[in-house]
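With the hints as extra help, turn the sequences into a complete structure.
Number of protein chains: 2
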Amino acid sequence: MIIVNGQQQDLIPAQDRGVSYGDGLFETIAVVDGEPLLWSMHMDRLEDGCIRLNIAFPGRELLEAETRQLGGDDRFIVKVIVTRGSGGRGYAYPPDLAPNRIIMRSEWPDYPHDYQGSGIQTRLCEIRLARQPRLAGMKHLNRLEQVMARAEWDDADIAEGLMLDMNNNLIEGTMSNIFVVDQGKLLTPSLDECGVAGVQRRNVMKLAGESGIVVNECEIPVAELGNYSEVFVTNSIIGIWPVIAIDSLKYPIGQVTRMLQKSLGHPA
Amino acid sequence: MIIVNGQQQDLIPAQDRGVSYGDGLFETIAVVDGEPLLWSMHMDRLEDGCIRLNIAFPGRELLEAETRQLGGDDRFIVKVIVTRGSGGRGYAYPPDLAPNRIIMRSEWPDYPHDYQGSGIQTRLCEIRLARQPRLAGMKHLNRLEQVMARAEWDDADIAEGLMLDMNNNLIEGTMSNIFVVDQGKLLTPSLDECGVAGVQRRNVMKLAGESGIVVNECEIPVAELGNYSEVFVTNSIIGIWPVIAIDSLKYPIGQVTRMLQKSLGHPA
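Protein chains in written order, with the numbering used here: chain A, 1 to 268; chain B, 1001 to 1268.
Among these hints, one or two may not hold up.
Stated by the list, open to error - Listed below are the simulated DSBU-like cross-link pairs for lysine-lysine, each with C-alpha atoms no more than 35 Å apart in a straight line: (1) B:Lys1139 <-> B:Lys1185; (2) A:Lys139 <-> A:Lys185; (3) A:Lys79 <-> A:Lys262; (4) A:Lys79 <-> B:Lys1079; (5) A:Lys139 <-> A:Lys206; (6) B:Lys1079 <-> B:Lys1206; (7) A:Lys139 <-> A:Lys79; (8) A:Lys79 <-> A:Lys185; (9) B:Lys1079 <-> A:Lys139; (10) A:Lys139 <-> B:Lys1139; (11) B:Lys1250 <-> B:Lys1185; (12) B:Lys1185 <-> A:Lys79.
What the hints assert, rightly or not - Derived, one-sided and incomplete: chain A residues facing chain B with beta-carbon distance under 10 Å: (13) Lys79; (14) Ile81; (15) His140; (16) Val147; (17) Ala151.
In short, the hints are calculated from the structure, not lab data.
None of these values were measured; they are calculated from a predicted model.
For each residue, glycine too, the CB sits at the ideal point set by N, CA and C.
See the structure below:
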């Protein structure tokens, strides 16, 4: 089911600036037993992105009401897209443009293995993330880097690809954020110049802090990857997946990862 | 008028990957007296972009036939968008996805002044272009940098904003390419790391070469801008606009610019 600007339909205006320029933002949200999980964090990020791009934020109540129209009693995924709207002349846009809202339901992904329990194998992608501080952190619709990265492999044993910036620092997965454990501390890449600041990343940082684990946002050079005792990736749908391999580097599933999975209590 | 996959309509599938990820390409083409100008160069670039992004190229004949459905006897603009298609799971896409074609007619822009004759004032934009060689040169749908750049000013006396990369090199205008004249030689920024390789840019380089003017693609540091005798910008719609000012730097409209405008014989 798809709801476009409050109406159930599966079409949008051809002149929408989302398709013309990727001029908008999105959120991918887990809905379990009728509740959109981490809803307020998703709305925080979406509103922040709207402010940074100067897009009129449609409002939490409206987006929640439309999300709840998708149904409530099982487990599914909602994608909320907010574009700047339709029209404008070229790249310029009028100040009063009404944004378009696209709320899409999709099935819970049927991952082939027990990734939460057994962990995942990953690879380093060849394409690097460009440095663009003005877009960093946002979940905007300009996602060709991720599309190209994900197209680099089709080996079903590889569950995620990891992306570096141009300076050989690890930044994120194609669809996830990454954490490493270094002598008991939790490290995650700083995202001031590229990358998406995931809602689950923020949630895990909060849970770790509440459990007394020190969390640092910092540079994680690819050359250091052999020095970490645990690695995991996060997103709103998967929760926490332990990483047991990055190409030929192997990792155990450690106690920090297991403790955070337990704190998260995520049903995926 | 809008033609979507051969049918006259103004809606596209909400699940189109153009809107989800900016996963596609576009061309903006001048149509004059029934003829789409520089058609084969536009199709060369579009096909090259499809190859680089692994999108199935719909074919020149089909796109030309659909473009000609928009009418023929006056002067207008056609925007041709080709997206990867609808669907896939997240960033991953199936290998056999059918692309979506969106062919849109719009009015010839009513520029407020005789920019071809009198030249334009420009400004340097604050936002910098990110370095991403894997996307450089293509006219893809990830255009938030241009949208943000164009939103930096609303002074009607400024006809174009010029964009630098992170290393203080001039790259292009928000909607145009740029050329400078340096001791009789024509220079234009190399676009290996960022920027759109405009069809009119290629055309002007060809015309200049045929006229015996040396053309170099090179770095153009912003610090050198005071040293050039002529500056102009190009695109498929505007042809050649002389630049008479970049912020407080002033330029005359010189003979290389005038000669190339004459060679171009562009009706805009």
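Now the hints, each set against the structure:
no., hint, result
1, B:Lys1139 <-> B:Lys1185, "27 Å, holds"
2, A:Lys139 <-> A:Lys185, "27 Å, holds"
3, A:Lys79 <-> A:Lys262, "26 Å, holds"
4, A:Lys79 <-> B:Lys1079, "28 Å, holds"
5, A:Lys139 <-> A:Lys206, "20 Å, holds"
6, B:Lys1079 <-> B:Lys1206, "24 Å, holds"
7, A:Lys139 <-> A:Lys79, "12 Å, holds"
8, A:Lys79 <-> A:Lys185, "33 Å, holds"
9, B:Lys1079 <-> A:Lys139, "27 Å, holds"
10, A:Lys139 <-> B:Lys1139, "22 Å, holds"
11, B:Lys1250 <-> B:Lys1185, "19 Å, holds"
12, B:Lys1185 <-> A:Lys79, "52 Å, violated"
13, Lys79, "8 Å, holds"
14, Ile81, "7 Å, holds"
15, His140, "6 Å, holds"
16, Val147, "5 Å, holds"
17, Ala151, "6 Å, holds"
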